[in-house]
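There are 2 protein chains.
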Amino acid sequence: MATETEFEVESMHYNRLLLAVDDDDDESSRKAFNYACTLAKIYAIPLGIVSVLETGDLNIYQSLSPDLLSERRGEIAANLNTYVEKAEAFGAQDVQPLIGEGNPAHVILEEVAPAFKPDLIILGSHKRRGHNHIGHVAGEIAREANASVIIVR
Amino acid sequence: MATETEFEVESMHYNRLLLAVDDDDDESSRKAFNYACTLAKIYAIPLGIVSVLETGDLNIYQSLSPDLLSERRGEIAANLNTYVEKAEAFGAQDVQPLIGEGNPAHVILEEVAPAFKPDLIILGSHKRRGHNHIGHVAGEIAREANASVIIVR
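Protein sequence lines, in the order shown, are assigned to chains A and B.
Using the UniProt record's numbering, the first residue of the first sequence is number 1, and each one after it goes up by one.
Using the UniProt record's numbering, the first residue of the second sequence is number 1, and each one after it goes up by one.
Treat the hints loosely; a few may be bogus.
Note that identical chains are pooled: a pair holds if it fits in a single copy or bridges any two copies.
Straight-line alpha carbon distances no greater than 25 Å define the calculated DMTMM-like cross-link-like pairs of lysine to aspartate or glutamate that follow [to be verified]:
id	residue 1	residue 2
1	Lys86	Glu110
2	Lys41	Glu101
3	Lys117	Glu8
4	Lys41	Asp119
5	Lys86	Glu71
Read the hints as simulated data drawn from the structure, not as lab findings.
Just so we're clear, the structure is a prediction, and the values are computed from it rather than from any experiment.
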């Protein structure tokens with residue numbers, strides 16, 4: 001790129017946003033939600049909000065009784081509804097809740113993103129124990145997604 | 001975050017952009033430049049454009065004669081000027097060229113970002129050999145930066 005001077009700058013913005021949320025309540029999650037809502041409102045573009053019921057760890061999965069599993073599904077659905085309502089109240093016009101089950105990065109990369117087709121995936125950094133290092137899920141999505149990825153700190 | 005319902009969405013946008021460029025001319029680099037210029041123009045915010053003369057590999061470094069090194073520095077400066085001119089012609093009002101030397105990720109994380117203080121770092125994905133995997137430099141910056149990072153694809 002740097003060796004070529006014959007190009008023109010073109011305006012660019014994103015048209016379809018996917019925000020991943022989870023139960024970790026850290027500052028980056030809140031900022032990621034704010035940023036997703038801001039873009040969705042300003043550009044009047046669709047925003048999908050995905051939450052994944054983590055069942056990647058078989059021991060944890062097996063330890064969830066059907067009742068507990070059902071309860072967790074209900075919690076996730078209720079939390080997603082809260083996000084959707086707040087995003088809509090803020091001014092985002094097309095907000096879709098998306099629920100997955102399994103390994104979060106895998107579900108988002110292999111199921112949710114191919115179906116929803118975002119051009120920007122928005123993630124909190126979920127920094128670990130005081131470090132700035134991003135969490136495993138964010139790192140895997142940043143590395144392997146087909147879409148652009150923003151890691152919000 | 002998901003368990004808490006008492007919060008309000010707040011508008012959020014970035015105030016200080018750092019775009020990293022290099023000699024790889026791929027589509028993601030062009031898009032990253034377009035995106036950086038678009039944000040800088042729309043929000044009328046400063047845009048730093050950094051290019052690092054890679055000297056991390058000692059064998060390569062040592063093989064660069066003083067003349068060659070001087071020539072490479074001149075090329076990088078000229079290329080950065082091209083970027084700056086195009087960004088300004090597009091409508092970005094405060095564009096700063098930033099040159100580093102050394103290991104690109106290290107220079108950006110340890111020298112350029114702490115001095116320029118961006119709140120968003122914009123990177124091309126530089127996908128490798130047909131894969132979507134991001135390049136090493138982008139991955140390291142995405143993992144370890146203090147600022148938000150967007151990987152443009």
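Quick rundown of the hints versus the structure:
1. When the C-alpha separation of Lys86 and Glu110 is checked against a cutoff of 25 Å, the pair qualifies neither within a copy, at 28 Å, nor between copies, at 38 Å.
2. Taking CA atoms no more than 25 Å apart as the test, Lys41 paired with Glu101 passes in neither setting, with 28 Å inside one copy and 41 Å between copies.
3. In this assembly of identical chains, Lys117 and Glu8 lie within 25 Å of each other by CA distance neither inside one copy nor across copies; the values are 28 Å within and 28 Å between.
4. Within a single copy, Lys41 and Asp119 get their C-alpha atoms as close as 16 Å, and across copies as close as 21 Å, so both meet the 25 Å cut-off.
5. Within a single copy, Lys86 and Glu71 get their C-alpha atoms as close as 23 Å, which meets the 25 Å cut-off; across copies the closest is 55 Å, which misses it.
In this structure, the hints that do not hold are numbers 1, 2 and 3, in rising order.
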